[in-house]
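Peer 1: Assemble the complex: chain A is given as a structure, and chains B, C and D must be docked to it using the hints.
Protein chains in written order, with our numbering: chain A, -10 to 100; chain B, -10 to 100; chain C, -10 to 100; chain D, -10 to 100.
Any given hint could turn out to be false.
Which copy? The list can't say, so a pair holds if one copy fits it or any two copies do.
[Claimed, not checked] Only pairs whose alpha carbons sit at most 20 Å apart, straight line, appear in this in silico EDC-like list of lysine to aspartate or glutamate: (1) K39 x E(-5); (2) K39 x E88; (3) K83 x E32; (4) K39 x E52; (5) K83 x E28; (6) K39 x D(-6).
To be clear, the hints were calculated from the coordinates, so they are not data collected in a lab.
Number of protein chains: 4
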Amino acid sequence: MSGFDELVPRLRAFAAAREWEPFHTPRNLAMALSGEVGELVAELQWLSDKEIREQLDGGALRERVADEVADVLLYLVRFADVCGLDLAAEAHAKIDRNEHRFPPLEANPSA
Amino acid sequence: MSGFDELVPRLRAFAAAREWEPFHTPRNLAMALSGEVGELVAELQWLSDKEIREQLDGGALRERVADEVADVLLYLVRFADVCGLDLAAEAHAKIDRNEHRFPPLEANPSA
Amino acid sequence: MSGFDELVPRLRAFAAAREWEPFHTPRNLAMALSGEVGELVAELQWLSDKEIREQLDGGALRERVADEVADVLLYLVRFADVCGLDLAAEAHAKIDRNEHRFPPLEANPSA
Amino acid sequence: MSGFDELVPRLRAFAAAREWEPFHTPRNLAMALSGEVGELVAELQWLSDKEIREQLDGGALRERVADEVADVLLYLVRFADVCGLDLAAEAHAKIDRNEHRFPPLEANPSA
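Isolated chain A (complex conformation) (with noise of 0.2 Å):
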C-alpha cells in the first residue's frame, strides 16, 4: 500500500477506526489544513535558498519537511473526500485550464 489511490480508504478506515469522522468536517479539515501548512512555511522562513537546498540534501530539515508535506497531503485528501471531490481529476482539469490560461512559450507567434 503505497500509492495515492489507497490513501483515500486508508484515510477513511483510520478516522473510523478512532470514530473521528464527527470532527472530519470540511470546515475542521480545511482549518487542519490550513495549519499543517502554516508548519510547512515555518521550516523554511529564516533559511535562505542556499541554505534551504543544502539542508534538504540530507538530515533534520529533510525529515521535518517530508512530515510536513505529508500532513498536509493527509488533511488534502481527507478534505477532497468528505467534499465529495475526485483530487487528481481536479488537477488535472485544473492543468488543462491553466494550459490555456497560460500558454506556453514555444506558442509565440514570434519565436
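Peer 2: Using the frame of chain A, we list chains B, C and D on its own:
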C-alpha cells in the same frame, strides 16, 4: 492522463515550457501553497457546517472549492518534486506513524 | 510600555540587540506571519463554537490563543515596519473604504 | 480617529451596523485571518527580495501590500476583541517572555 502519478511529469513539463523553473524554488512554492490554502479557507469562512454541506452538493461553491483543492495539490506536488520527496510514500509513512501514535479504539484493553 | 505605538520601537530594538535585522526581510516576516496564523487556527480546529466559547473563558485554551495572537501581531507590526507602512493608519483607511463598499443597513432606502 | 485604540470600537460599530455580529465567531474570524494572510504572502511569492524592496518603494505592490496588512490587522483586532483579549497588552507580554527566552548579544558572558 488522469492519475496522481502523472501530475509530477505534467507539472515539470508545464514549468519547463514556460521557463518558470527558476521561480519554482522550495520557498516560493511553499509561499504559493500557503496562498492557495488561504483561498480555500476563505471560501468557507462565513458559512455554517450545514450551509457548506448544502452548497457543496452542487453549484458555485462546489466549483470554487474544487478549483482551490486542485491549486493546493498542484503546488504541493510541485513543492515535493523540487525538494526530491516522494509525496505519496511520505503520506503512507506518516499514516504508519499515526497508527502507532493514535491507537484505534479496538486496541483499548478495557473494551 | 503597554500601548500599540510602543511595539514598533520595542521590536526594532529587540531585533537590533540580537543582530536579527538581516533575517527580517518582508518575505521572511510574511512567512513567519503565515506560520503563526497557522498555529492560531490549529488551536481551534477540532472544537465546536460552543467549546471555543467555554474554553476561552479561562484555562489553557485562553492562554494559548493569547500567546498566538501576540505572535501574529508582533510579526505583523514588524512586517509593516520593514515595509515602511503605518499599520494603524492603513487599517483605518481600509475601514473607510469598507464603509463605502458595504453600506450599513440604516442606509438602505427601503428600510 | 487614526490610532490603534480606536480600531476596536470602530470595528464593533461596523459589525453592529451591518448585523454581522453572528458571523463574527472566533472560528470564522480565525479563518478570515488565515485567508488574508494567504493573500499577503501571495503578493510576494514570485518576487526576489530585491524586487520586493524596489516595488515596495512605490507603485502597485506597495498599495496591494498596504491593503493586505490592513485586512490582516482588522481581522486580528476583531478576533482578539470577540475573544476578550487585550491585543497590545498580550503583544507586550510576549516580548517580555521573548526577552528572557532569547537573551540579547550583550548578555553573552564571553563578549
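Peer 1: 20 Å Cα cut-off: does K83 pair with E28 within a copy, between copies, both or neither?
Peer 2: Between copies only: 15 Å across, 26 Å inside.
Peer 1: Evaluate K39 and E88 at a C-alpha cut-off of 20 Å and name the case that applies: within, between, both or neither.
Peer 2: neither (31 Å within a copy, 30 Å between copies)
Peer 1: When Cα atoms must be at most 20 Å apart, do K39 and D(-6) count as within-copy, between-copy, both, or neither?
Peer 2: Neither: 35 Å inside a copy, 29 Å across copies.
Peer 1: Pop the pair K83 and E32 into one bin, within, between, both or neither, using alpha-carbon distances up to 20 Å.
Peer 2: between (28 Å within a copy, 18 Å between copies)
Peer 1: How do K39 and E(-5) come out at 20 Å by Cα distance, when the copy is not named: within, between, both, or neither?
Peer 2: Close neither inside one copy (35 Å) nor across copies (29 Å); limit 20 Å.
Peer 1: At most 20 Å between CA atoms: does that hold for K39 and E52 within a copy, between copies, both, or neither?
Peer 2: within (18 Å within a copy, 30 Å between copies)
In this structure, the earlier hints numbered 1, 2, 6 are contradicted, and the remaining ones agree with it.
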